[in-house]
Structure formats: structure tokens, C-alpha cells
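Novice: Residue numbers (my numbering), protein chains in the order written: chain U, 1 to 249; chain E, 1 to 363; chain B, 1 to 283.
It is worth saying that the hints were derived from the structure and are not from the lab. You may find that some hints are simply not true.
[As the list claims (entries may be wrong)] Computed cross-link-like contacts, DSSO-like style, restricted to lysine-lysine with a CA-CA straight-line distance of at most 27 Å:
#, chain 1, residue 1, chain 2, residue 2
1, E, Lys297, E, Lys198
2, B, Lys98, U, Lys14
3, B, Lys52, U, Lys58
4, B, Lys98, B, Lys227
5, U, Lys140, U, Lys90
6, E, Lys86, B, Lys227
7, U, Lys8, B, Lys227
8, E, Lys297, E, Lys153
Each chain, letter by letter, is given below.
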Amino acid sequence: MLACQNLKIEFDRKPVLKGVTLDFPAQKISAIIGPSGCGKSTLLRAFNRMHDLTPGAKVTGSVTLNGREIYDGAEDPVLIRRRIGMVFQKANPFPTLSIFENTISGLRLSGVGNRALLHEAAEKALVDAALWDEVKDRLKSSPMSLSGGQQQRLCIARALAVDPEVLLMDEPCSALDPIATAKIEELMFRLRERLIVVIVTHNMQQAARASDRTAFLWMGELVEEGETEAIFTSPKKSMTEDYITGRFG
Amino acid sequence: MEAPATETPERPPAGLSASPKPSTRPTAFQESAPQTAPPPLSPDLAVDRYHRSTGRTADRMFRVATGFCAAMIAALILVVILFMVKGSIPAFKDHGLGAILSSAWDPTNQKYGALTFLFGTAYTSLIGMVIALPLAVLTAVALVEILPSGPAKAISLAVELLAAIPSVLLGLWGIFELVPLVRRFEISVYRSPLGLRKLPIFSGSPLGVGFLAAGLLLAIMALPFILSVSREVLLQVPNAQREAAYALGATRWQAIRRFILPYSWKGIFGAALLGLARVLGETMAVTMVIGNTPQIKASLFASGYTLASVIANEFTEAPSELAISALISLGLILLLLSVTLNAAARIMLIYLNRSSGAPQGAK
Amino acid sequence: MTQSHGLRKFHGRIMEGVCLVAAIAAVIPLFAFLWHLVAMGASSFSLALFTKLPLPPGEVGGGLKNAILGSLLVVGTATVVGIPIGIGAAVFMTEFAKPAVTSALRFACDVLSGVPSIVMGLLAYQIVVRPMHHFSAFSGSIALAFIMMPVVVITSQEMLRLVPHSLREAGHALGIPAWRIAASISLRAAAPGILTGAILSISRIAGETAPMLFTSFGNPFLSLDPKAPIATLPHTIFTYAISPYDDWHRLAWGGALILVLGILGATLLSRFILWWHQRSLNS
């Protein structure tokens, strides 16, 4: 289980996240929703210590994976990020690597050389990302020849190949058409069985249909969270109701 | 937005890649019973299933290696200044800074006045800039404002290629082709019925070699530099400025002269400084056509000597360690001049870009 | 009103004409140079240039074999030293260094690239020739490496800066160590541009003469000993050009043609690399 407690994040002294406590149970898809600028992506990036790479970012509070604090000084962020993977808003495959190379890049570039292992991992990842049938005959070609939705699925395959326990998805479908979006939601459902999936989305319909749990963030604070059904049918806070009915944001 | 409690999500469109067990996909709002026992969640974050290293040591080594390379670059600039100063110290100790300003250069007789060379460097650079700067600016205007993109690109390329020609080859061409031309020009001036040869600037024998030939070669070498920076400066003039000028009914030339050029003059000035910094240290081409005579004369026809040329010609035949040190001190002067000009030009261009909000122009 | 406007237009047209004349004048030197280069160099361009050694002054014939090989050795050594250090520094500046350090280093490189090449020769003289007590090919290589390094840093850094940050982010999110991201993701993406910059910097130092005058010093005989003086092509061209012998002048033009063909080849090679990379990305 992935959890955070009283998580506060500042950028250059400006507070962006003001004390968020949330947990993301195993085998559930959890969605984080809220208007733009509310801190959803910032929150997501705290879970794989991406803020370590941003000068001026300060993270306080606790984030735990299976009870172990990931911000503990003794932990190596590189290892954390192999446990907790991330997919970005805009697909970013490595343009100079082939589709196959892209898929196993996380493994090869961290030292795995066994070719049998790499091929097996690539096939498994591409199958899980629902891309295998479309690319199995052109594994050596450039990823830039793929459509936007395919590239995003390639990035998901790449993240899966590393065999993480958590998959963080930062608005993965916002640049995609509805059909491509549906494919990705489809594969999220299958992934849920073995991974914790956390998705940030500004699309409420997506949150409603694709997640088990939903958290609503506003201006860096957690307003409400719970079972998706409950959030969308009987929200406890009026702000939540206002947001999901489109009265603001 | 209403979401029904138990709605089976729509079947995905046909043609999706085969996904395992689609019929067991749980609905969005139901808890899913795990199909298989979940894999054991290892509590220790440091355990890696594939036994990959974090690359900590390799990371450190890589950073140290590249940091060392960066340090060498930083060291280089310090070392250049350090050694040039160090090499000049014996000369300064011997005859002090003041003696540098004397015009008597005679190392075999312990005379180390550098004034003739300072003059030569200054005079040839001046001639070069006087020719190259207007030519470059006018050409830049032609390329950016007047010519269509095809010819503009071709001309641009041709001038860039000029920059790739090594100095010694320009000097070779200078000796055999340019100097005879200059000589013919000088002879015609000499013979001119207007008595032009009485003017100090045209006095002396028309030899061909001399300040004029060297200045022309320097102009050819400075031209590509000044042109490329000026071109970028002109390209950065926002189109809004041009449109405003034309909307006021200005002709193209009026727009250029009264709006575009004034807007860009600071950048062009920076380009000129960069070009000047470049020609100050030019050695080979100048050495081959300047006549190598240490003298201060105002005439374009006269032979002269520059700081770089005297170092090139006399270093290996220097009669004493002190002479070598004196030559190094001349190199120090060159270094200080070019570094100062270069730094000043770049700082100016940075300021310029910052204040106008335009992206970096100079290379 | 129309009269003054007509006058203004006329004046404008004249000035525009002046600009066009300037643009044409700017191109003339290149063509004049190339014309004479081909005219004078073609007659002496033969296999003998590459295979024969120079003959004593006054004798007709001979070639530039020692200078050509010498240039290859000196430039090759300089490349081996200068390019890795230059690229390494650029990687450090874009991937690891703090912004203030990067700006300072970049400024240093900009200033260094403006130092006259003869000054770098004087530096190499003091650092290498003096302690060794004689001129050497090695000191020439060091001087050329000093000239080449800032240029390589600048072009490499520009190319690395163009690599989108999203690629590095993707690498980090996969748990790839930072050094691997720098080496296999950033450098790989920037490689064609960096390679092009490297090739162009090599062709630039291949034509340098001034520093060679008191480092590699020149040598009328064939020598490939890095500790001994050596002939380089531009230096030999200089020596022959200012000499009084016609045959040496002929050889100088021949050497000039070789040098220009080499530079042209380097330029074409770098454009080819960029084209080929673009093509493989699109396939």
C-alpha cells in the first residue's frame, strides 16, 4: 500500500501542497481530481521523489510504501523509482531507440544484460500495455512512427518492464482521442490486479468510470476522498459537489 | 454528474489488441476479488528483483570525470593568463611598462619598444573595420530585409564559407593575387594627376605590401563574423516594429533606416566589437602581406608590423631569453586586448538580449 | 506631396541598390580565392604531392608527404586530447552543474574561443617546449587542443541543451541512474550535432599555422616522432609561400588545395551525418 501523511511541498518557499494525508490501497485504481493548479501533479511526483530533481523544492511529511518511508535519507531514490513507476502527460519515448529498445530501456540502462530476460520482459510488458499485436512485427523501427496513443502505450510498457509495484499516471490520456483513451483505461483495469494504480486526471468522467477510489484536491489541500461511487453520487462536502457538477473548475 | 450504481462499461471497440480475460474485468464500482494471490510485497525497498545496482559508484565516477573536464576548461583560462604574465615578468623587470611605449625595437641591442607594433595592429585593424563594418551591415540589411530567401541563403552560405578559410591560405592568395592588385591601385594613385600622393595617407612608394593590403585581408576575415551576428540581430527585430513602420506609410528604406537599424544598433555595435577582437590577433595573413617593417607611418602604402606578426617572425630567432620574454609580453598585450574586447562585446550582447527580452543571439 | 514621395522612393531605391551591391561585394572574395586556388593548385595537384618528400630549395619537383602525414599526426593527437575533454565538460555543464557554474564556464569558453591562436602557441611553448628543451609534435598538438576545446564545449553544450527535458524525466522515472541518463539518453540524442561540431572543430585546427611556428616548428624531413619537430601542412604552405622559389610556390598552392578539399570534405561529412540521422529518425 502506498500512503502519504501530512505531505507538504514548497517551491522556492511558496507552499503548493499544504498537508495531505491519503492512502492508496493495493489492487485499486485511485484517481486524484481537482482544477488545474490545485497540486495534483505535484502530489503525484512526490510519490516517486521526482521533486529531488527540482532545485528549490522542499518536501516535508511522510510517504510510505508498504510501511517503509521512501523519503528516509538512507533510501536511494533510484531504487524507489524502480518500485514506483510513472507515466507522463505527453508520451516521451526515446527517439533514438527502437520500440524494443525503448521498452527495455529501464532494464538495460540500469545494467540488465541478459538478452533472453530482456526479450521476455519486453514481450510481457508490451502485452500488458495492449501494444504487442500492433508492434510485434516492427520492434526494431522507430517509435516516432507510432500514433500518439500507441506512443503512450509504449511509455506504459516501458514503465511496466521495470516491474514496479505502483504505477503513477499523470494525466496520461489528456493528449489522446477517446478511442486511445479507452484502450488505456482498459489496460489500467488489467494492471490493477498486480499494481497499485494512481491516476491524476482533470477529466471527471474518466475518474468516474475508471477508478475505484477518488480524492479531490483543491488549492493544495485534500477536500474529500473515498469510494468513487460515493464521491460522485453523494459527496460529503459542498465544494466537491460544486466541482463535480461543473459549477467551478 | 450522475453515475449509475452498477453499469457494465461499454464493450471496447472491436480491433483492440487481445487482452487477457476481458470478461473478468471488474466494473468500475465493484471491489474486485483478486484472481490470483498477490505477489509477496517485499518490505525492504532496497531489494531489487533483477539485482541491478543503483549505479552509485558509477554515478560518482562519471560526475568526477566530467567535472574534471570542466575543471580543465576553467583551469585553461587561468593558466593562459598566468603563464603569459609569468613569461612577461623578466621583460617588465628589465625595462618596465613605460619602455613598451617607446618605438625602438632592437632586441640585439636591448631595445624593446612596442609602439610600432601597437600602431601596426591598431592601424590595420582600423582599416579592416572601416571596410568590413559598413559592408557587413549593408549586406545584412540586404539579406534580411530586401532579398528573397533563396539568394539570401546562398549569399549567407558563401560568406560563411569565407570564415572557414584558414588564415594562411588567405595570406597565400594575398601575396600572389591581392598584393599585385593593390600595387596597381597604388601605382595609379601615385601617378594620379590630382597629386594624391602628396596626401599623407597616400604617401610613399607603391609597393603593394603594407597596411592597405593587410587591412583588406583583415576586412575579408572580419566580414563573416560581423555579418552573421548582424544578421541575427536584424532577424530579432520583432515584426511588429516593421509593420508599424510600414503602416505609417514608410518606404522600405525609410523603415530600415529609421526604425529597424536604430533598434538594432546596439547589437550591431556588439558584432563590431567581436569582429575587432577577432582581427586583432590575426597573424598569418597579415604577416604575409604587411611588409614586416617596424615603423609608424600614416600612409596606407607604407609597410608596417603588427604585434602578432613580430611574434610570429622573431620568436624562433630571438637572440636572448630577455627577447623571448619581451615577445611574450607583446602576446600578453594581445591577450588582454582580445579578452577585454570579447568580454565587453558579450556582456553587451547579453544585456541587450535581456532588456529586449529576445533570445540569445550571439554565438 | 507626390513629388517628395517620389524623391523619397527614388532615394530609397538607390540605398537598397547600395545594399545589394554590398551583398555581391561580400561574396566576391570567396570566389576570387576559390578561382585562384583551383587555377594555381590544380596544375600541381598530383599523386606526387602525397608521395614525395620535399627537395632542397631550388630543385624542382618534390612533394608534401611529410607535411601531410605530420598534420595528420598532430591534428589526430590534438583531437584525441581535446574532444573528449570538451564533450565531458559540456556534459558536466548541462547534466550536473548548478546554473551559476554553467554560466561561468560558458562565459570562460566564449572568452577562450576569442584568444588569438598565437597566444595559445606561446602558452604551449612555455608549458611543453621549455621543459622538454626542444620543439615537438606533441607541443603542437597541445596548442591545437587548447584552441579546440572551448569550441567543442560550446557546440556540444548547445546540442545537449536542445535535448528535451522530458526525455531526462522519463529516464529518472524509470529508475535509471543519473550518469546513465547523461550518457545513454542525453548524449545519444545530441550525438549527431556533437559529432558535427567535433568534425568542424577538427577542420578548423587543421588550418592553424601561428601556434605551430614555435611548437611543432616544422621539419624538412619525414618524421613521425611526437617528441621531435614535425612539418605540418599549413606551416609548410607558409614557409613555401614567403620563399623566393617558384617551385615551392607551386607546392604551396598544391598544399592549399589539399587543405581546402579536406575542409570541404569535413563540411560535407558533417552535413551528411545530420541528414542521415534525420532520415533514420523518420523511418
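Novice: Indicate, hint by hint, whether the structure satisfies it.
Specialist: Verification of the hints:
Annotation: proposed proximity of Lys297 of chain E to Lys198 of chain E holds, straight-line Cα distance about 14 Å (limit 27 Å). Taking the CA atoms of Lys98 of chain B and Lys14 of chain U, the gap is about 21 Å. The hint holds against a cut of 27 Å. With a CA separation close to 70 Å, the supplied pair Lys52 of chain B and Lys58 of chain U exceeds the 27 Å bound. Distance hint between Lys98 of chain B and Lys227 of chain B is unfulfilled; the C-alpha atoms sit about 40 Å from each other, more than 27 Å.
Between Lys140 of chain U and Lys90 of chain U, the direct Cα distance comes to roughly 22 Å. Compliance with the 27 Å bound is thereby established for this hinted pair. With a CA separation close to 25 Å, the supplied pair Lys86 of chain E and Lys227 of chain B stays within the 27 Å bound. Taking the CA atoms of Lys8 of chain U and Lys227 of chain B, the gap is about 64 Å. The hint is violated against a cut of 27 Å. Our distance criterion of 27 Å between C-alpha atoms is broken by Lys297 of chain E and Lys153 of chain E, whose separation comes to about 41 Å.
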